[in-house]
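K.L.:
Just need the whole structure built from these sequences, with the hints factored in.
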Amino acid sequence: DGGITQSPKYLFRKEGQNVTLSCEQNLNHDAMYWYRQDPGQGLRLIYYSQIVNDFQKGDIAEGYSVSREKKESFPLTVTSAQKNPTAFYLCATQQGPQTYEQYFGPGTRLTVT
Amino acid sequence: AQSVTQPDIHITVSEGASLELRCNYSYGATPYLFWYVQSPGQGLQLLLKYFSGDTLVQGIKGFEAEFKRSQSSFNLRKPSVHWSDAAEYFCAVGAQDSNYQLIWGAGTKLIIKP
Numbered sequence: 003d004g005g006i007t008q009s010p011k012y013l014f015r016k017e018g019q020n021v022t023l024s025c026e027q028n029l030n031h032d033a034m035y036w037y038r039q040d041p042g043q044g045l046r047l048i049y050y051s052q053i054v055n056d057f058q059k060g061d062i063a064e065g066y067s068v069s070r071e072k073k074e075s076f077p078l079t080v081t082s083a084q085k086n087p088t089a090f091y092l093c094a095t096q097q098g099p100q101t102y103e104q105y106f107g108p109g110t111r112l113t114v115t
Numbered sequence: 248a249q250s251v252t253q254p255d256i257h258i259t260v261s262e263g264a265s266l267e268l269r270c271n272y273s274y275g276a277t278p279y280l281f282w283y284v285q286s287p288g289q290g291l292q293l294l295l296k297y298f299s300g301d302t303l304v305q306g307i308k309g310f311e312a313e314f315k316r317s318q319s320s321f322n323l324r325k326p327s328v329h330w331s332d333a334a335e336y337f338c339a340v341g342a343q344d345s346n347y348q349l350i351w352g353a354g355t356k357l358i359i360k361p
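Chains A and B supply the protein sequences, listed in that same order. Residues are numbered in this note's numbering as their position in the first sequence, beginning at 1, plus a constant of 2. Residues are numbered in this note's numbering as their position in the second sequence, beginning at 1, plus a constant of 247.
Cβ-to-Cβ under 7 angstroms is the rule here; a few derived chain A residues that face chain B:
(1) 44
(2) 92
(3) 99
(4) 102
(5) 106
(6) 109
Hints in this document: simulated from the structure, not taken from any laboratory. The beta-carbon is built from N, C-alpha and C at its ideal position, and this holds for glycine as well.
P.N.:
Given below as structure tokens:
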């Protein structure tokens, strides 16, 4: 069954701790994206990767880090440097760089207190 | 730079009534256009897309959208809404000089009155 898996669905952390959000896909898509969603603000791009072992910063990369060691996986680490990390995080894939259509995972809601 | 505007933050429609959600974009050439839907606490699902050809495109769940180049618009329509259509709707534009990424509108939240 093809798809995008994000785990966990809900994540709770204390302020000052780093936390890693998982995103796995078995669609064999080349590109993967991380978005942050806050109420009333739409989707904001954090990082994206168009090929294994390469990634680029999006509009709001500060306080986040990623890796792309395998085609299937694109984990996002929210570091303690992120000033306001509580949000809904969405992972998406794109078949190739010129296809545009993105497919989304179910999201992870991170709450930091 | 490309941009996408969804002028309505919220829209309230009675069940069974028709719906039109507005989307305007800013881009010099013909863009690739998308509408996505998001139920609360869920990921986004593609409703429909326009790349070229017929400017009226049909999507899933009974939705359609019309590309109007002269107005730089790609409005989403549905002739009769159901309570299950209550969700947030996002318009997005893809353009080659945006490094093949999607530029997103801020979203329109659809509320259905019984």
